[in-house]
Structure formats: structure tokens, C-alpha cells
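Trainee: Given the structure of chain A, go ahead and fit chains B, C and D onto it with the hints provided.
Number of protein chains: 4
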Amino acid sequence: MKVHVDLCLIPVGVGVSVGDYIAECQNVLREAGLEYQLHAYGTNIEGEWDQVMAAIKRCHERVHAMGAPRISSSVKLGTRTDREQTLQDKIDSVESKLDQ
Amino acid sequence: MKVHVDLCLIPVGVGVSVGDYIAECQNVLREAGLEYQLHAYGTNIEGEWDQVMAAIKRCHERVHAMGAPRISSSVKLGTRTDREQTLQDKIDSVESKLDQ
Amino acid sequence: MKVHVDLCLIPVGVGVSVGDYIAECQNVLREAGLEYQLHAYGTNIEGEWDQVMAAIKRCHERVHAMGAPRISSSVKLGTRTDREQTLQDKIDSVESKLDQ
Amino acid sequence: MKVHVDLCLIPVGVGVSVGDYIAECQNVLREAGLEYQLHAYGTNIEGEWDQVMAAIKRCHERVHAMGAPRISSSVKLGTRTDREQTLQDKIDSVESKLDQ
Chain A
1 MKVHVDLCLI PVGVGVSVGD YIAECQNVLR EAGLEYQLHA YGTNIEGEWD QVMAAIKRCH
61 ERVHAMGAPR ISSSVKLGTR TDREQTLQDK IDSVESKLDQ
Chain B
1 MKVHVDLCLI PVGVGVSVGD YIAECQNVLR EAGLEYQLHA YGTNIEGEWD QVMAAIKRCH
61 ERVHAMGAPR ISSSVKLGTR TDREQTLQDK IDSVESKLDQ
Chain C
1 MKVHVDLCLI PVGVGVSVGD YIAECQNVLR EAGLEYQLHA YGTNIEGEWD QVMAAIKRCH
61 ERVHAMGAPR ISSSVKLGTR TDREQTLQDK IDSVESKLDQ
Chain D
1 MKVHVDLCLI PVGVGVSVGD YIAECQNVLR EAGLEYQLHA YGTNIEGEWD QVMAAIKRCH
61 ERVHAMGAPR ISSSVKLGTR TDREQTLQDK IDSVESKLDQ
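Chains as they are written, first to last, in full-length UniProt numbering: chain A, 1 to 100; chain B, 1 to 100; chain C, 1 to 100; chain D, 1 to 100.
Same shape as in the complex, but just chain A (with noise of 0.2 Å):
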């Protein structure tokens, strides 16, 4: 099963300043050979459940070693069965519907 995600990962209790954090889970999508593009309030995933998830937990173990002892991730998950879609398709099916 593929899956769209959208992660935010939020490290507490280590200050206002958490672009190191972001930019290990940066590091810890492309060790694990995942399609993804940061955006300005999180990170669009796509690839396989298993292997999503699995890079997902990772970033938690991650930022937890690093020495944030609590952190607070909000992931949107998309799945579909009728069509295969990427997430460029996905901006590019709104952008062609756009006033001109």
C-alpha cells in the first residue's frame, strides 16, 4: 500500500530553535531512499507503508537521542485504491484548475 504523508515533527523541552532536529529527519528520509520535499510547516512522504513508517519511527528515535526528551509529530496519511497518484500529481491536479 502507498502512502502520501505530511510530518511535522515537533521536538519539546530543547527551545525555540529546532531546525537541527529537521534537518536530521531530512537526513534520516533520504538514508532510507523516500521521495520527500520539506515545506515550510512539514515534510510531504511518499512510498511504501512499511517502509514510511518505518523512517517515521526513526526520526522519533533520532531526535530523542539528540536530547530531546519529548516530541509531538503530526502526520497526515493518504491512501487511495482507485488511482495511482505523486505527490507532484497532486499539486499539478489543483495548479491546471487555477484562475489563469
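Calculated from the structure, these hints are not laboratory results. Every value quoted in this text rests on a predicted model; they were computed, and no experiment measured them. Some clues are possibly wrong.
Stated by the list, open to error - Below, in silico cross-link-like pairs of lysine-lysine (PhoX-like), each with a Cα-Cα straight-line distance of 25 Å or less:
1) A:Lys57 / D:Lys97
2) B:Lys57 / C:Lys97
3) B:Lys97 / C:Lys57
4) C:Lys57 / D:Lys97
5) D:Lys2 / D:Lys57
6) C:Lys57 / C:Lys2
7) B:Lys57 / B:Lys97
8) C:Lys97 / D:Lys57
9) A:Lys57 / B:Lys97
10) A:Lys2 / A:Lys57
11) B:Lys97 / A:Lys2
12) A:Lys97 / D:Lys57
13) C:Lys2 / D:Lys97
14) B:Lys2 / A:Lys57
Stated by the list, open to error - Footprint (simulated), chain A over chain B, 3 or more residues, beta carbon under 8 Å:
15) 55–62
16) 69–76
17) 90–98
We treat Cβ as the ideally placed atom computed from N, Cα and C, and that holds for glycine.
Mentor: Chains B, C and D alone, transformed into the frame defined by chain A:
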């Protein structure tokens, strides 16, 4: 790694009445032997990361099998390394601080 | 326009214990005269859109005033035009369908 | 109070193709004069709290007017008092820390 989860699963493409699908997810969580609590905009779940994630995957699989062509779930994932805490502990912690 | 909300506010930069901040948000909601229900990963709120949104803004203002330099809230907003439904109706609708 | 928002609006009860509804929300944001950026699982928005919230309300109103009987939006709201930061600053902050 223990995790606290808030799961809000939305079947898309099956009309406005989604109660049957949410009820089936409650069945999945019960069958998995997880602690969970339905609320008005989702379900709180606690357990071991892998066990909880397997249950969420089964929820998507079952809801697709019931006929929903598309699902978008919104999931919160809370982990902490500083101490053990149950779902009820979190509620008690806030309620103990409320103005009397 | 009536709205059903699930609010999960996370103060960032104030350590791992966030109960005082969440309790203050409960006070804000009570003062606003809104219907609300704390659960283990957020608070369900129902009311008129503008009144609920004004209360969420006050939650951010109060939590900043208590010393939190950064806040990230995760909010779900449910509206419908087909019929009236309370927060409790949503829970009852699912529970009535559960396996006995 | 400035706010960074991530908005993911899901029309329920109108089938699986939701691109027209999301495109209309992009029109609402453009008409409101807000900074926004579509991504594959939502739209990032920045602006003054009241102006952004008014636009999100208009998105719900327009999508209902287009025929969707039910909407569930998932919204993240980020505010901070310690410093000014744009949406692009957030992306740059993470990207500057990535392994080369």
C-alpha cells in the same frame, strides 16, 4: 518505544455518513488489544509504537475493503523519554491545575 | 456557521511540562462560554465559528503572555450544511454501530 | 499577531476528486492578498491572524457553496514572540543545516 496517538481517519468518496467506517476502526483497535478512547473528533490510542502503527495500517486496509476509495488520516504521535505517562495521566495533569 | 474543533496547542521553548499552559486554555474556553471537552491529546470545542476562533486566538495570546516564545497548534475544523450535530452526537453515532 | 498556517481542507460527500475545491481555496487566498504556497498535502499561508482566519472561514463558505455538505480541515497555527520569521526563513533554516 511507547507512543500516544490521536487518530482521525476520514474516508473520502463514500458520502457524508462515516460512522460505520469509524466504528470498524474501533473494532480493529479492540482486536489489537490496545488501550483506546473515542472522542468527538478522533480516537486516543496508547501502546508500543509498532503495535499501534500496525493497527492504524489495518484501519486503512479495512476501510478501503469496506469500499472507501480514498482515505486521509490525521494522526498525532507523542513520545517521551523522560518518564512514563498514560493517556489518563495527561488529562489528570491538566485538570489538577484548573481554577476551582 | 457552527464549527466543531479539535485544538491541540503546544507551547515550544518552555520545557517539557506544558500542563499549566493547557489549563489556562481551558480557562479561556470556559470564560468564552463555549462547550468544550478535554481529552488526552487535545480539546474538542463547539460553537459559532467567530466565537470559537476568537477563543483560540486568546489561547495563543495568553500562552505567549505566560512566557512561551513559540506556539504550534494543531486544529481540526469541521463544518457541515446538511444537518445539525453536537459533539456528543458524533460519539453516539459511532458507539451505536460498535459490535456488541 | 503574525501567524504561519498550514491548511489542508477536505470536502466530504463530493466524491474522490477534490481538486476543484482546493483550487477555489487558492483563489480565496489570492483575493485576500495573503502570501501562500501550495504543497502536495496542503497550503502554507502567512499573514496577520485575523486576516488569515477570515480567509480560512471564506474557504469553508465557498466550498460549501460549491456543494460540499461537509468539510474537515486540518490546520496548523504557528505564532512566536521572539522574532520575525517568514515561511521561506523556516525552509532556509533547515536547509542550511543539511549534510552536504
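Trainee: All hints, please: hold or fail.
Mentor: Going through the hints against the structure:
With a CA separation close to 21 Å, the supplied pair lysine 57 of chain A and lysine 97 of chain D stays within the 25 Å bound. The straight-line distance between the Cα atoms of lysine 57 of chain B and lysine 97 of chain C is roughly 21 Å, inside the 25 Å bound, and the hint therefore holds. The straight-line distance between the Cα atoms of lysine 97 of chain B and lysine 57 of chain C is roughly 21 Å, inside the 25 Å bound, and the hint therefore holds. This hinted pair does not check out: lysine 57 of chain C and lysine 97 of chain D have alpha carbons roughly 32 Å apart, beyond 25 Å.
Of the supplied pair hints, the one linking lysine 2 of chain D and lysine 57 of chain D holds, its CA atoms being roughly 17 Å apart against a limit of 25 Å. In summary, the hint linking lysine 57 of chain C to lysine 2 of chain C is supported, as the alpha carbons are separated by about 17 Å, within the 25 Å threshold. For the suggested pair lysine 57 of chain B and lysine 97 of chain B, the alpha carbons sit about 36 Å apart, so the restraint of at most 25 Å is broken. About 32 Å separates the Cα atoms of lysine 97 of chain C and lysine 57 of chain D, which puts this hinted pair outside 25 Å; it is violated.
Restraint check for lysine 57 of chain A and lysine 97 of chain B: not satisfied, since their Cα atoms lie roughly 32 Å apart, outside the 25 Å limit. Of the pairs offered as hints, the one joining lysine 2 of chain A and lysine 57 of chain A holds, with about 17 Å between alpha carbons and a cut-off of 25 Å not exceeded. Pair hint lysine 97 of chain B plus lysine 2 of chain A does not hold up; C-alpha atoms about 44 Å apart against a cutoff of 25 Å. Distance check on the hinted pair: lysine 97 of chain A and lysine 57 of chain D sit about 21 Å apart at the alpha-carbon level, within 25 Å; holds.
Of the pairs offered as hints, the one joining lysine 2 of chain C and lysine 97 of chain D is violated, with about 44 Å between alpha carbons and a cut-off of 25 Å exceeded. Our distance criterion of 25 Å between C-alpha atoms is met by lysine 2 of chain B and lysine 57 of chain A, whose separation comes to about 11 Å. With 4 residues having a Cβ less than 8 Å from any Cβ of chain A, the stretch 55–62 of chain B passes the three-residue criterion, so the hint holds. Three residues within the 8 Å Cβ limit are the bar, and the stretch 69–76 of chain B against chain A gives 8, so the coverage statement holds.
Look at the stretch 90–98 of chain B against chain A: 0 of its residues bring a Cβ nearer than 8 Å to a Cβ of that chain, fewer than three, so the hint is violated.
Going through the hint list in order, the structure does not satisfy hints 4, 7, 8, 9, 11, 13, 17.
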